[in-house]
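Protein chains in written order, with this note's numbering: chain E, 1 to 272; chain X, 1 to 251.
Careful: at least some of the hints might be erroneous.
Stated by the list, open to error - Below, in silico cross-link-like pairs of lysine-lysine (PhoX-like), each with a Cα-Cα straight-line distance of 20 Å or less: (1) E/LYS163 with X/LYS50; (2) E/LYS160 with E/LYS141; (3) X/LYS71 with X/LYS197; (4) X/LYS141 with E/LYS66; (5) E/LYS170 with E/LYS241; (6) X/LYS71 with X/LYS241; (7) E/LYS160 with X/LYS50; (8) E/LYS150 with E/LYS170; (9) E/LYS170 with E/LYS141; (10) X/LYS211 with X/LYS170; (11) X/LYS135 with E/LYS153; (12) X/LYS220 with X/LYS203; (13) X/LYS68 with X/LYS50; (14) X/LYS141 with X/LYS219; (15) X/LYS47 with E/LYS160; (16) E/LYS59 with E/LYS264; (17) X/LYS48 with E/LYS150; (18) X/LYS230 with X/LYS162; (19) X/LYS68 with X/LYS241; (20) X/LYS50 with E/LYS153; (21) X/LYS236 with X/LYS219; (22) X/LYS220 with X/LYS197; (23) E/LYS213 with E/LYS241; (24) X/LYS48 with E/LYS160; (25) E/LYS170 with X/LYS170; (26) X/LYS211 with X/LYS158; (27) X/LYS170 with X/LYS124; (28) X/LYS213 with X/LYS203; (29) E/LYS150 with X/LYS203; (30) E/LYS241 with E/LYS230; (31) X/LYS219 with X/LYS241; (32) X/LYS158 with E/LYS153; (33) X/LYS47 with E/LYS150; (34) E/LYS28 with E/LYS264; (35) X/LYS245 with X/LYS230.
These are calculated hints, taken from the structure and not from any lab test.
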Amino acid sequence: FFFLLTEMAAEAKEEPEEEEQVPIPSFKISYFPFAGRAFSLRLAGYIGGISYTDEFITKEEHGITKSASGRRWSGLPEVTIYDKDNRGLLTIGQSNTCLRYIGSISGLYPDSNPILGALCDEILDSCEDTSAAIKGGMATKEGRAELISKDGKLTYWLTKFEKRFNENEKRLNNNDNCEGYIVGNSLTIADLKLFELFHSLFLIFGSYEDIPKDYVTQFPNIQKHYQLMKENESVEEFLQKFSLRNSEFKLDPDDKDIKIQTFKGKTVYGSL
Amino acid sequence: MAEEQKDQPSFRITYYAFQGRAGSLRAAASLGGVSYEDVFTSGEEHKKAKEEGTRRWSGVPELVVFDKDGKELITLGQSNACTRYIGKVTGLYPENAVERALVDEILDSVEDVLNVVSPTFGIKDEEKKKAARAKLCEPDKLPYWIGKFEARLEENEKRGNKNGYFVGDKITIADLKAYYGFQFLTSGNLDYIDGAKLMEPAKRCQAFVAKIKENEGMKKMEEAFAASQKEYKENKVKSFKRPGKFVCGSL
């Protein structure tokens, strides 16, 4: 009997179940439900451990907003920054601007040295230049052949990125074992932007038989970097969650809990 | 040491003998009071550098940063990366992350405008060029973008910043980038594009351009630049030392 009383007392002392806390977001990313130009932004928030809301916008919704002159600049992504009262402070656009903002508040943008910042900035801008350079050509067989030729635009840009890895390694040689990041010896938004570009490029390569499987072997640093990023635990985790959410959204685009999701993390407010 | 450093440029800007994409770099350095070397290159030299693979990325400007001993530390490319670097070492790039984002938006959007126009430079057939340029003046192209810059100026004003700049109440690299962007559109060098007509509805942008033009530092910088252009044209002088404080880089 005593034993039973003790057990009942112990049960009564148990902590009540904690209610699931809704994370307070630092900002909201609005973009289409595919990787595109928000891949690096979403990853930066996730890896950087910052709380944020991720809102899927459909092509139709974007078209309506743009026609009503509601778009900040001309496209997506957009990032709404919240203030200390969790109210929208303002919305910013331009993918690299958004990426740099998230990088700044998450420690993934080197703020301590302006040259390191510039090296990251170069990568962000050059990724956009690369995308612009290949835009028209990828659609046709002749276009693709030209882009990947020895003097082709894609070969030109990938050669530049390949060189940047060598330079970074040279700068680190005296200090640390080089991990294979593009700026310094730790992950920055430059790596995420590169991963965003290479991820989309490798998908494209896979879908066209006329692009030789060994085209990328001439860029060993790029291949190594892609592996490095894919094997990053947080990247892997995020990709799995994103892929699942994407499938769910395709099945039920009206489900608000899938359309808008908030990730836990440190809340970093904006202020002016 | 102070004596040697007096003439030491903090960095070298390499670009053509017009402002173009280097305007914001030169202006930021000048207004920020830092020493730099201004080197003019030509189309042929750039083509040669590109073929030899010595171009950092694909174009100019390029920025060579010097270390404390005046030795070349690193070469940087991409005009906005270079402009932002100079902004950071001169105080013309804000400290606040949100303000920085507002500046960055302007840098990126000016590039978007330049990239909307630049494909038309390569069109050899005059009729096709005229048609392409006319298309740029349709409501959803250049007028759309100018409307966005006008809106940004209005928003900054509504935030209580009355000085007519793009971000905050002091001049930043956003203003310098936008200024040279507007100059590009309205210089009269773009055939078949009436820049003044494009800018006509954008009253705040017009006032902004006038304000930057009248800035004493800008006037001084442009005067020195015009003199350099003359030296380059008449005497083939390519390198010009601009005075200021020596601010070295380090890695």
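X/LYS219 and X/LYS241 were given as a pair; does the straight-line alpha-carbon distance stay at or below 20 Å? holds, 18 Å
Is X/LYS213 within 20 Å of X/LYS203, Cα to Cα? Holds: X/LYS213 and X/LYS203 sit about 15 Å apart, inside 20 Å.
Could you grab the alpha-carbon distance between X/LYS71 and X/LYS241 and see if it respects the 20 Å cut-off? holds, 16 Å
Regarding the pair E/LYS163 and X/LYS50, is the alpha-carbon distance no greater than 20 Å? Holds - the C-alpha atoms of X/LYS50 and E/LYS163 are around 15 Å apart, at most 20 Å.
Between X/LYS141 and X/LYS219, does the CA-CA distance stay at or below 20 Å? Cα-Cα ~31 Å, so violated.
Hey, E/LYS160 versus E/LYS141, does the alpha-carbon distance stay inside 20 Å? Violated - the C-alpha atoms of E/LYS141 and E/LYS160 are around 24 Å apart, more than 20 Å.
Check the hint pairing E/LYS170 with E/LYS141 against an upper bound of 20 Å on the C-alpha distance. violated, 38 Å
Taking 20 Å as the top limit, are the C-alpha atoms of X/LYS170 and X/LYS124 close enough? Outside the cut-off at roughly 43 Å; violated.
Would you check the hint for X/LYS71 and X/LYS197, treating anything up to 20 Å between C-alpha atoms as holding? Given that 20 Å is the threshold and the Cα spacing comes to 48 Å, the pair is violated.
Holds or violated: E/LYS160 to X/LYS50, with C-alpha atoms at most 20 Å apart: holds, 12 Å
Satisfaction of hint between E/LYS160 and X/LYS47, Cα-Cα up to 20 Å: holds, 17 Å
Checking one constraint from the list: CA of X/LYS220 to CA of X/LYS197, max 20 Å. Satisfied? violated, 29 Å
The earlier numbered hints that this structure contradicts are 2, 3, 5, 8, 9, 11, 12, 13, 14, 16, 18, 21, 22, 23, 25, 27, 29, 32, 35.
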